[in-house]
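Chains H and L are the protein sequences, given in the same order.
Just so it is clear: in the first sequence, position 276 is 276 by the numbering used here, and no numbers are missing.
For any residue, its number in the numbering used here is found by taking its place in the second sequence, counting from 1, and adding 1000.
Keep in mind the hints are simulated off the structure, nothing from the lab.
Treat the hints with care, as some may be off.
Claimed, not checked - Just so you have them, the derived chain H footprint on chain L, three or more residues with Cβ under 8 Å:
| # | region |
| --- | --- |
| 1 | 1213-1221 |
| 2 | 1250-1260 |
| 3 | 1295-1303 |
Note that the structure is a prediction, hence the values are computed from the model and not measured.
The C-beta atom is built at its ideal place from N, Cα and C for all residues, glycine as well.
2 protein chains.
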Amino acid sequence: MSRGELARRVGLSRTTLSEITTSLLERRAIVVADTDAATRVGSGRPAERLTLDPASGQFLGVDFGHRRVHVAVADASHEIIAAGVERYTATTPWTERLDLAFALIDRVCGTSGAHFGALQGIGIGVPGPYSGVRAGAAQVPWTRHPAAAGVDEAFAERFGAPVVVDNNMRLAALAEAISGPGNPDNLIYVRLADGVGGGLVVAGRLVTGSGGFAGELGHVTVDPSGRTCQCGKRGCLETIASVPAVLQACRDAGSSLETLEDLAMAVERRDPAVDVVLRDVGTTLGRVLGAAAMALDPDEVVIGGELVHVAPVIVEQAAATLRYELYPLPASAPLAVRAGVLRDGDGAIGAIAALFHQSPLLAEYPTPTGAGEQDF
Amino acid sequence: MSRGELARRVGLSRTTLSEITTSLLERRAIVVADTDAATRVGSGRPAERLTLDPASGQFLGVDFGHRRVHVAVADASHEIIAAGVERYTATTPWTERLDLAFALIDRVCGTSGAHFGALQGIGIGVPGPYSGVRAGAAQVPWTRHPAAAGVDEAFAERFGAPVVVDNNMRLAALAEAISGPGNPDNLIYVRLADGVGGGLVVAGRLVTGSGGFAGELGHVTVDPSGRTCQCGKRGCLETIASVPAVLQACRDAGSSLETLEDLAMAVERRDPAVDVVLRDVGTTLGRVLGAAAMALDPDEVVIGGELVHVAPVIVEQAAATLRYELYPLPASAPLAVRAGVLRDGDGAIGAIAALFHQSPLLAEYPTPTGAGEQDF
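The shape of chain H in the complex, shown without the other chains (with noise of 0.2 Å):
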């Protein structure tokens, strides 16, 4: 529309329209789309027609792995319009982590033209529990390097917008939830990477717990005398549903398995070795979810990380125990049980998710913390 029908639509006067378009441009949040010049009928300079330029808004999203950051950013339209990957070690320090963080949205921002003019929030996820209520460190005691402490602060400083953070995984299960073909009231999600964990959508609403650890599916006991866990328990779930703790299964079943890529190569030729470690962990695992899913009967339960797209047999033998652990239950509607759609990148984008904040998943979830207060 141009200014005159802006005007007349908003019921202001042109002068003060004029001055709020001048400041909306010179913010790139609207553009100059063409003039009216074609189909103009009367007189004089033909007027700029403005449109929403849907680089307007962005939100960026920032998944902080044990190994890896993820970033996506999203448009006004909520489209992802650049994503990347910047890999480091499990002992890098967070200030490092966060100067490849930074390099890696310069260098996405670069490549794809995205740029911040209006950047209106960011999202992060940080490993380990996080409570969401208040901006500050994730206290994660069973990892080992120092927490995530002032991550929110960094971000909000050098971008200028509100910052929310929470737990990566239950990101990743908001972002499964929103984005499975199913729309779940009630998910169980849990995670197999270089950890185990998890996240949990009841009633409608992404839960945090009482202190931001629900979801920790990881650490549930599954064998007290097993292996020793790095949160200094034996025998959780994480000790052997864990990608390392998979590969060493393997290993210790006499398979030479290095890799993830190893691990496919060796499902593809059917090693039967393999075949068996990989049941053994889809029925481990699929005892930790029967015994939540009988707690919280949900309408869903979702298996997420590259693990299970490597080896698929690991979630067909996880719903086959979950289906017997709930046998008990009248099947009027089905348990489904299902590997995560989304991939790597589903914590950066369950971080923007967390970000719009429109979802009735996030109802009376914190506010964003930071610059100003904005509505999403």
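Based on these hints, arrange chain L on the given structure of chain H.
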């Protein structure tokens, strides 16, 4: 207040107000407390002073267990004014249970002088899963008797009041959440009785799950090669921590116990074989609660049922196991683990609480079905 004072206060004519008070007096919602004769300064007939009758609104709570029915009646001030219990056997058909419940209600109301002049609603707890979404049958595949079909209609017809039906363990969880010392937003409740059931409060709301089965902790598998459960699976928590299972385990350990009273005496004389059994039960229970707590991160875990009052060591041992299971979590606010404060009538009290429908715990809970659309 007198009718004159009331009319001034609410701004109605004395004639209109008189019509209303006459109707309320007839329905016994209000009563004449006294007259103002003693304090009256002017002349004329002393004016009657009217007051709310605490008995003006009654709320009936009914809790059908596997072997007994509890009823409780609350008045308009939410005080319990009458309560009672009637036993039956696990094979008593539902028609007979209903007759027993109706006779019990008549009896306790006769004894207490309670009358149902203004019955506001009926809350009913039934064993086994219940979705709470619609009036109708509780489908309980693993109970040996026909499901509680038509319970709601039978009560609605007899008393002409709206009826809410829900799983009795969930109602007990509600009763504990609102009666206990804390005011927990996140609570896991488990009850050890003839069976083992439970209920969850997540983010300040009672959880039903997708099909009404949330909280069924009794059928979490704790030993895949254990005893056959009445549900058909092996080694459910119920096969270890229900009252009959605990008594059986004590007998297997050489103690000749038949009843909870026998157990109480054995606990009192510090029978070492019984102590070992009870500690094992506590440890197993603690593992199941630990897995649930790792998923849900509650403020409080409550273990209810007569058994834990007889054998508090079960709670003690479960709490110790739970603390071990949750060891990886920073103990900023350590989890409270306690025995239920409510005794046998908890389900009936929870059923009344569900009726009041005022607790934020019940936000978005289905509204009662039955006679008319009433607010509580």
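query = Of the numbered hints stated previously, which ones are contradicted by the structure, given in increasing order?
reply = 2
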